[in-house]
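Chemist: Those letters in the sequence shown? Residues 6 to 276, per our numbering, in order.
None of these hints come from the bench; they were simulated from the model.
Yeah, the Cβ is synthetic: ideal placement off N, Cα and C, and Gly gets one too.
Don't take every hint at face value.
[As the list claims (entries may be wrong)] Each computed DSBU-like pair below joins lysine-lysine, with the alpha-carbon atoms no more than 35 Å apart:
no., residue 1, residue 2
1, K159, K176
2, K121, K176
3, K176, K152
4, K121, K27
5, K152, K121
[As the list claims (entries may be wrong)] Each pair of labels, with its calculated beta carbon distance range:
no., residue 1, residue 2, range
6, K27, K152, 22 to 30 Å
7, P32, S134, 29 to 37 Å
8, G220, P99, 50 to 58 Å
9, P102, K152, 14 to 22 Å
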Amino acid sequence: MAHYAIGDVQGCERPLRRLLDKLNFDPALDELWFCGDLVNRGGRSLEVLRLVYALRERSQVVLGNHDLHLLAYAHGSRRKHRDNPEFERILAAPDGPELLEWLQSCPLMVHDAAHKLLLVHAGLRPDWSLARALTLAAELEAALRGKRAAGFLKNFHRAAPRWDDRLTGRKRLRAIAAVLTRIRFCDAEGHPDYSDTGPPGSQGEGLYPWFETPGRRRLGVTVVFGHWAALGYYRADGVLALDSGCVWGGPLTAVDLEHPERPIQVPGVKT
Numbered sequence: 006m007a008h009y010a011i012g013d014v015q016g017c018e019r020p021l022r023r024l025l026d027k028l029n030f031d032p033a034l035d036e037l038w039f040c041g042d043l044v045n046r047g048g049r050s051l052e053v054l055r056l057v058y059a060l061r062e063r064s065q066v067v068l069g070n071h072d073l074h075l076l077a078y079a080h081g082s083r084r085k086h087r088d089n090p091e092f093e094r095i096l097a098a099p100d101g102p103e104l105l106e107w108l109q110s111c112p113l114m115v116h117d118a119a120h121k122l123l124l125v126h127a128g129l130r131p132d133w134s135l136a137r138a139l140t141l142a143a144e145l146e147a148a149l150r151g152k153r154a155a156g157f158l159k160n161f162h163r164a165a166p167r168w169d170d171r172l173t174g175r176k177r178l179r180a181i182a183a184v185l186t187r188i189r190f191c192d193a194e195g196h197p198d199y200s201d202t203g204p205p206g207s208q209g210e211g212l213y214p215w216f217e218t219p220g221r222r223r224l225g226v227t228v229v230f231g232h233w234a235a236l237g238y239y240r241a242d243g244v245l246a247l248d249s250g251c252v253w254g255g256p257l258t259a260v261d262l263e264h265p266e267r268p269i270q271v272p273g274v275k276t
């Protein structure tokens, strides 16, 4: 039995199939973790959703920002993705409602206590404890699965406020979602800056990668994440990054979580 984690797919179905072949993935024995952003930009988002949905009994998927954009689009929000042809194909597909219902039920975070692993799309605020992060992720998951889902998703594209535990309602949910699905850099106080998207070293003065922010809490787990294509495959104490920009011409990356020092890659989409 093998336990693999895979970086951002973003609608790149053919590289994903090649990667599964290279892994010799056996759905009867092996397990997959997806770092989120299954959809958007790669041209075959519907096919990716169908493939991962078919493997759902052997997979864990956390929601990424592009997955939330798709769900917001399906609930009528077009501010960021007007007339998105990939999203429209999903909405028009006969199995579209089933795929969207499944996607909306996916978690924001997966904690494997036995192996000291935490799966999240982008990362965590450096001042959050593991227990705090899990509680806030569960709060957003409950909203997505409950009566508040439509209202939150219709307003998802509004600017996310700075996190404050006193936030309530949709502002609180947007702030949680922004951290878990969009964080890259933080200031010295741990507040995310969502404007810089380049590699470490390219950020503005006074900013740090979220996992290198001074005073960051030690969580006692390895955080497995994607989202940051400019960072690429990256492994350091307590972090494992897997988004290598498949949709931008980089490779699609996986690791066997027993041997994360050896990335397994296939070519991505040609740009």
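Chemist: Which numbered conditions among the earlier hints are violated in the structure presented, ordered from lowest to highest?
Modeler: Those not satisfied come down to hint 6.
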